[in-house]
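*Asks:* Please construct the entire structure, taking both the sequences and the accompanying hints into account.
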Amino acid sequence: MRRIVLLPVLLLSACASPAPQYFNATRHDITLEGIDFAVFHKGASAEVIRLGYLGRRERGRVPELMMQAAERTTGCAAIPNSARSRIPGDTGEARIALQCGPPM
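Read left to right, the sequence shown gives residues -18 to -1, 1 to 86 (mature numbering (1 follows the signal peptide of the UniProt record, and there is no 0)).
All clues given are correct.
Here are the computed lysine to any residue pairs in the SDA-like style, where the Cα-Cα straight-line distance is at most 20 Å: (1) LYS24 with SER67; (2) LYS24 with GLY57; (3) LYS24 with ARG77; (4) LYS24 with GLN3; (5) LYS24 with ALA65; (6) LYS24 with ALA7; (7) LYS24 with GLU53; (8) LYS24 with ALA(-3); (9) LYS24 with GLY83; (10) LYS24 with THR55; (11) LYS24 with ASN63; (12) LYS24 with GLY74; (13) LYS24 with ILE12; (14) LYS24 with ILE61; (15) LYS24 with LEU80; (16) LYS24 with ARG68; (17) LYS24 with PRO2; (18) LYS24 with ASP11; (19) LYS24 with HIS10; (20) LYS24 with ARG9; (21) LYS24 with GLU75; (22) LYS24 with ARG66; (23) LYS24 with PHE5; (24) LYS24 with ALA79; (25) LYS24 with THR8; (26) LYS24 with ALA1; (27) LYS24 with PRO84; (28) LYS24 with TYR4; (29) LYS24 with SER64; (30) LYS24 with ALA59.
Listed next, with one range per pair, are the computed distances between beta-carbon atoms: (31) TYR35 with PRO84: 38 to 46 Å; (32) ARG38 with CYS82: 30 to 38 Å; (33) ASP18 with ARG66: 20 to 28 Å; (34) GLY83 with LEU36: 30 to 38 Å; (35) SER(-2) with GLY42: 21 to 29 Å; (36) ARG38 with PRO84: 37 to 45 Å; (37) ARG9 with ARG68: 16 to 24 Å; (38) GLY37 with ALA1: 22 to 30 Å.
These aren't lab readings, by the way, just hints derived from the structure by calculation. All C-beta atoms in this analysis are idealised placements derived from N, C-alpha and C, irrespective of residue type, glycine included.
*Replies:* Right under this line is the structure:
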């Protein structure tokens, strides 16, 4: 029985689909500190999705890694404190505002 339950979890953790606002966005994949992320870059924002399962204790570092993932894959600066999730406290997905090009 355990195998039947784990199989869908493993399959779903391997794929990442962006929110509708990020359809046609450029996708980048990156691994930071052993955690895989998919970054969807569109304009001055990015949606970052953590791939795979993490236990509660491992999730504390994820928000900062999401900011780094957005910066490293897009070449833009992540605006501090701009990360927002559709589910408060969720470390599986975040939308991050970016400053691309020369600072204003």
